[in-house]
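Protein sequence lines correspond, in order, to chains A and B.
Under the UniProt record's numbering, the first residue of the first sequence carries the number 1, and numbering increases by one thereafter.
Under the UniProt record's numbering, the first residue of the second sequence carries the number 1, and numbering increases by one thereafter.
By construction, these hints were calculated from the structure, which means they are not laboratory data.
Treat the hints with care, as some may be off.
[Claimed, not checked] In silico DSS-like links for lysine-lysine, alpha-carbon gap of 25 Å or less: (1) A:K101 x B:K213; (2) B:K241 x A:K213; (3) A:K101 x A:K213; (4) A:K213 x A:K241; (5) B:K213 x A:K241; (6) B:K213 x B:K241; (7) B:K241 x B:K101; (8) A:K213 x B:K101.
Take a look at the letters that make up each chain.
Number of protein chains: 2
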Amino acid sequence: MSYPRVALIGLGLIASSMFWAMRRAGMQGHVAGYARSAETRETARRIGLCDSICDSLEEVVKDADLVVLATPVGVMGRVAETIAPHLKPGATVTDVGSVKKAVIEAVGPHLPESVHFVPAHPMAGTEHSGPEAGFAQLFDNRWCLIVPESADEAAVARLEAFWRALGANTERMDVEHHDLVCAVVSHIPHLIAYTMVGVADDLRRVSDQEVIKFSAAGFRDFTRIAASDPTMWRDVFLTNKEATLEILGRFTEELFALQRAIRTGDGETLFDYFTHTREIRRGILQAGQDTDAPDFGRIKTET
Amino acid sequence: MSYPRVALIGLGLIASSMFWAMRRAGMQGHVAGYARSAETRETARRIGLCDSICDSLEEVVKDADLVVLATPVGVMGRVAETIAPHLKPGATVTDVGSVKKAVIEAVGPHLPESVHFVPAHPMAGTEHSGPEAGFAQLFDNRWCLIVPESADEAAVARLEAFWRALGANTERMDVEHHDLVCAVVSHIPHLIAYTMVGVADDLRRVSDQEVIKFSAAGFRDFTRIAASDPTMWRDVFLTNKEATLEILGRFTEELFALQRAIRTGDGETLFDYFTHTREIRRGILQAGQDTDAPDFGRIKTET
């Protein structure tokens with residue numbers, strides 16, 4: 001079921017968590033890792049990440065049955081171009097990017113006919129990044145969205161089984177729909193959290209110290225979201241431009257409607273809006289996607 | 001130091017938590033409670049909330065040394081008008097509202113010269129509301145902002161000692177500054193979380209079921225914030241209109257700048273912005289206002 005040899009390209013939070021989750025699952029295959037930065041490779045070697053750490057892309061993909069692109073989305077095209085001549089025929093190439101259309105357009109054309117390209121997106125993360133941020137439980141009960149396009153059914157099923165062994169649930173999705181759903185549930189929430197934290201910092205009439213000292217629940221959550229990896233998120237917004245701008249337009253419309261209600265003192269509109277959003281939270285609890293407990297499901301470790 | 005007789009008006013999350021925190025602190029005084037709804041009074045009696053539950057405002061404030069207005073901000077003026085003739089001379093009247101200028105304007109004119117009015121704002125809450133939502137630890141290590149205006153120093157110091165005994169830290173603040181700081185760290189973050197959840201629900205191309213099923217970290221946090229009490233938040237926005245609209249204006253400016261960077265593909269602006277917001281998170285962690293642990297400080301119970 002699993003892959004005899006796996007290559008992880010880019011050793012950040014996701015790839016390092018994949019390695020520890022593979023170990024936890026008892027997978028026997030060899031895992032080779034590569035990172036562009038010598039410092040990251042050094043750290044990986046020091047903490048025992050992967051069975052071998054390679055110093056070049058050519059080396060890491062050699063004989064690999066599964067090649068995982070886990071770099072920022074913006075460099076995946078260049079990586080694909082470099083590894084293409086060295087891929088083993090019959091290998092599966094996948095990625096872990098948060099956007100799919102741009103990845104498929106950047107990576108797909110470089111890959112030879114002899115490999116299977118099965119894009120994927122594990123929806124899991126923390127505000128920490130780098131090879132030391134990974135942990136085996138990261139994907140437990142999270143979704144890994146698979147965007148199979150025209151890939152071979154056996155290759156898709158094999159990758160799905162791999163992700164389920166790592167703790168994730170899998171679901172197949174059409175590429176356009178994937179990018180829109182993710183803009184709604186992840187990309188735009190991150191953008192507005194970043195914006196709000198930026199506003200707070202920029203206000204001359206409220207000191208940094210006050211913002212930090214009195215940061216209440218709402219804002220504190222935002223700062224956590226806004227501490228996520230800048231490179232990753234820059235690439236998400238640059239590469240999911242269409243869906244991002246669509247949802248951002250809708251968001252601005254709604255925000256202006258609420259702003260107008262505040263300005264005109266229209267309490268009924270505000271009350272109705274806030275009552276309605278409460279229902280959505282209930283739906284999420286009922287669907288088991290979060291818990292009502294004080295830790296909000298973040299320390300769940302069931303496998 | 002404490003008050004021999006305390007009256008809690010409005011038996012929601014804050015007042016019920018105050019009662020349990022008073023008990024935990026070993027305060028010996030009598031606590032009388034009142035809620036407008038007969039059902040809430042019944043629930044309070046059933047769960048042992050307060051030493052006595054009164055059926056009228058006149059009754060609950062009789063002989064009280066401390067009267068706490070813990071209703072939605074929008075009705076505090078009417079409550080003050082009703083209780084004014086029945087207040088004991090020398091009593092302290094306080095409130096727990098999230099805005100201060102509007103409360104002072106609504107409540108202040110009704111109170112007799114013989115009582116001390118010391119507005120306060122405990123910055124603590126959860127997404128749950130009602131008399132059964134309270135717990136003794138709610139205020140632990142949270143800030144209670146005191147807006148003393150021209151109140152008697154002894155009365156202010158006594159209320160501060162009371163809040164510290166309930167677990168909170170206290171700080172005095174000017175009324176205008178209070179409303180601006182809270183707009184930044186609490187009110188606007190709530191408004192944009194409400195908005196984002198509303199947008200997600202309203203999209204025709206993404207089903208409710210998908211929004212719920214795939215709700216990732218950022219959005220899940222937003223739904224929790226957006227599940228807060230609709231009446232309370234309606235009143236916050238209606239009564240802190242000036243600061244809310246100011247910060248909302250700044251937020252929109254920043255969001256448009258980031259939107260423009262996305263549209264024009266300006267990755268440098270995005271990267272710099274996201275890198276900068278990361279620093280603010282570090283400041284909050286260093287200030288001890290949150291933890292880096294997976295539960296994000298929410299299950300802290302130190303007293």
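Here is what the structure says about each hint:
1. A:K101 x B:K213: Since the Cα atoms of K101 of chain A and K213 of chain B sit roughly 21 Å apart, the hinted pair holds (cutoff 25 Å).
2. B:K241 x A:K213: Holds, because 23 Å separates the two Cα atoms, which is no more than 25 Å.
3. A:K101 x A:K213: Not OK: K101 of chain A and K213 of chain A at ~42 Å, beyond 25 Å, violated.
4. A:K213 x A:K241: violated (35 Å)
5. B:K213 x A:K241: Cα-Cα ~23 Å, so holds.
6. B:K213 x B:K241: violated (35 Å)
7. B:K241 x B:K101: holds (10 Å)
8. A:K213 x B:K101: holds (21 Å)
Checked against the numbered hints listed earlier, the structure breaks hints 3, 4 and 6; every other hint is satisfied.
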